[in-house]
Amino acid sequence: MTAHLSTIRATFWREVAEHRLNRFLHVHLALATVISVLPLFTPDATERSAPAWVLQGVLYCLSLSSLLLGLSAAHGDADEFPLLFTQPMARGAWLSGKVMALAALLCPASLLLVAPTALTGGVSGTLVYVAAAAGGVCLAIALVGLAIGFWVRDHVRGLLLALGVWFGLLFGTDLVLLALSGAPWVQQYPTAWVLPLMLNPLDALRVTVLFGLERTAPAGIGTGSLVGWWLEHGGLWLTLMLTAWMAAGFGLGLVGATRRVDG
Amino acid sequence: MTTRHRVVVGVLVIAGAVAAVRAATVEHSTPASPAEQPGPSASADSRLPTPDSRRRTAWLQTQLVTAPAGTLITVPAGVYHGPFLVARSLHLRGEPGAHLVGDGRTHTVAVQAADVTLEGFEVSGSGLDLGKDHAAIHVTGPRAVIAGNRIHDALHGVYVRQADGARIEGNTIVGTETTLEPVDPMAAAGTPSEGELCEVSLNQNQRGNGVHIWNSSHHVVARNVIRHTRDGVYFSFVDRTEVRDNDIEGVRYGLHYMYSDDNRFEGNVFRDNAAGAAIMNSKHLVLRRNQFLANRSHRAYGILLQTVDDTTLEENRIVGNTIGLFFESGHGNRVVGNTIANNHIGIHASDSSDGNQFTGNNFVGNLHTVETTGGNLTSVWSVDGRGNHWSGAVTVDLDRDGVADLPHRELDLFGQIRRDLPVIGLLAGSPGERLLRFVHARIALPGLPGVTDPAPLVHPTRP
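Residue numbers (the working numbering), protein chains in the order written: chain L, 258 to 520; chain V, 23 to 485.
Hints are computed from structural coordinates only; laboratory data are not their basis.
All C-beta atoms in this analysis are idealised placements derived from N, C-alpha and C, irrespective of residue type, glycine included.
Take these hints with a grain of salt, some might be off.
Quick list of simulated restraints, FRET-style, between CB atoms [to be verified]:
hint : chain 1 : residue 1 : chain 2 : residue 2 : range
1    : V       : N303      : L       : L420      : 41 to 49 Å
2    : L       : L420      : V       : R464      : 34 to 42 Å
3    : L       : A504      : V       : S258      : 56 to 64 Å
A few chain L residues that don't get close to chain V, going by computed Cβ distances all over 12 Å [said to hold, decoys possible]:
hint : residue
4    : V273
5    : V380
6    : L488
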């Protein structure tokens, strides 16, 4: 147990030290800073506009930088795998250290997203909620990047796959669902149509902030029992779903990391 | 206070009451001196009559019955227990602190005579029977002036019934959100004591309206502040009326309106209601410079227009609502220079609407700008070469005349599918939908519903 903790601690600090020079982290923090000050340009509605800015920022910018940050975290050690994995340490503990380091970097960045608004207008439940949701989504996406990096160790291929996954999450789900929406069998089973939206972290974040938090959805949308439940309990669903994504990312990353180094 | 003092005060009070009655018989009498008038209320609980309030009430009731038409009656501070019937053309002016309290069974003040003015009072305690239209101030006489009153704990605030020419100005009307009911209705006999009552919340449908006007014309409803009633202003069969500068918040419909023609609404603010304005079955209206803000819920509208014809909506701000502007069966309306911004759906135009003109409007930051249910073939989106401003539109303006050189196609991607698959609305504002909209604005994708503005404006117009 002590050995595991030592591994986690050592990996954690090594990862943090390495990321100090990581350009993806710099970009991520710079984007978060820019997004955080945008609500201040609408002084009469700073607190109201902050969730919208954070949502757009996470969807179009921070999700990508988080993904690339996770990818680079995996690729950064790729050259050292032959050496690293000859050491007497559990790979689960090693991966846990890396994940904790990513969390330690991304979560403060999500607080940064709402910090100017909170400083000027006071901390509100909505801001805390939005910051937590943004941090959760960024971390989950970063773990996806980490898993991709362990499975595809070639840097260029890994980057292309990561970009493909990001496009798929951001646009692909919506476009596929739009394309399917006219089909009679889809209209018979709207719950099946909604499930991909619920399971996509970016769509789930968007729906939770736009429809759940601001409660602006027109009446017809929430008539189905599943959608009604989702809109009513968006935060709970987002927490559960992101936890599942993180667990899946961690598991896939672990399996990827244990593959043969020369494979 | 010694016995001698009590006797002196008693004599003064009686003398004051007598003098006041005599003074009120003089037309346009000036307010009597304080010594001649009933004293201010000593009671904190206005529900319970005290000897003082009984005396004051008797004085006021006498005035209402005996004062000749046209008399100005200045009512000093204090609680007066009604109900009160105004059957003569009187001008009742409440001094600060004058409080008219109903008996909880009927209207607090019933105005039956013509040309009655009621101003400056606090009015409360009407009955709560919706079937009997109980109101704090119930008007059935023409040309009543209801001004500067503060109304609370009543069903309807001001109810005008078949009486023309009322002026309802500068009142503050707060709806009744809770009522006291017996803990055990079966056990409570007669009037229950305070301990036998519990506070019960009234849902919005059980409350009355702020201002309710029925079957009459030529009114002015202005500068009223209305909160937490059922509807803010309710019109039914009311023509040639002006509604301006009212501030309505936290109600069901800010303006609930039907079968009423030739009316003007200007400078009103409708905020945080279930719907800003629901206007139905009416024509020849003007809605100008009103604000419909943050009317949000699953069934909320900024403005709902149903079967409304030949109406002008000009320079209104419709911001942050679930559906900004909802058109159904509207014909020949002009929507000019409005700002429709940050709504979930900017404008819903059903295929049963035709011949409407949209020009000079600013569509900014709506999640889903235009929702259509059909072709809307006869509605036009530009007049005299000027269309509307659409945020995010491609605007090439080589001749710099402020009108883009290319038409703007506003896509309604969901179209008819919305009826068969309502959950498709969850994709409103999604990256995928925005991507398609971006592409469609540059290359017309065939077969997609939407509207085309042939002359989009490069810059927003100023309301």
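Hints and how they fare:
1. Between N303(V) and L420(L), the C-beta spacing of about 56 Å breaks the proposed range 41 to 49 Å.
2. Under the hint 34 to 42 Å, the C-beta atoms of L420(L) and R464(V), about 23 Å apart, miss the expected range.
3. At about 60 Å, the CB distance of A504(L) to S258(V) agrees with the hint of 56 to 64 Å.
4. At roughly 32 Å from the closest C-beta of chain V, the C-beta of V273(L) stays outside 12 Å, upholding its exclusion from the interface.
5. The claim that V380(L) is not at the interface with chain V holds, since no C-beta of that chain comes within 12 Å of its own (minimum 22 Å).
6. For L488(L), the requirement that its beta carbon stay farther than 12 Å from each beta carbon of chain V is not met, with the minimum near 9 Å.
Hint compliance for this structure: hints 1, 2, 6 are not met, and every other hint is.
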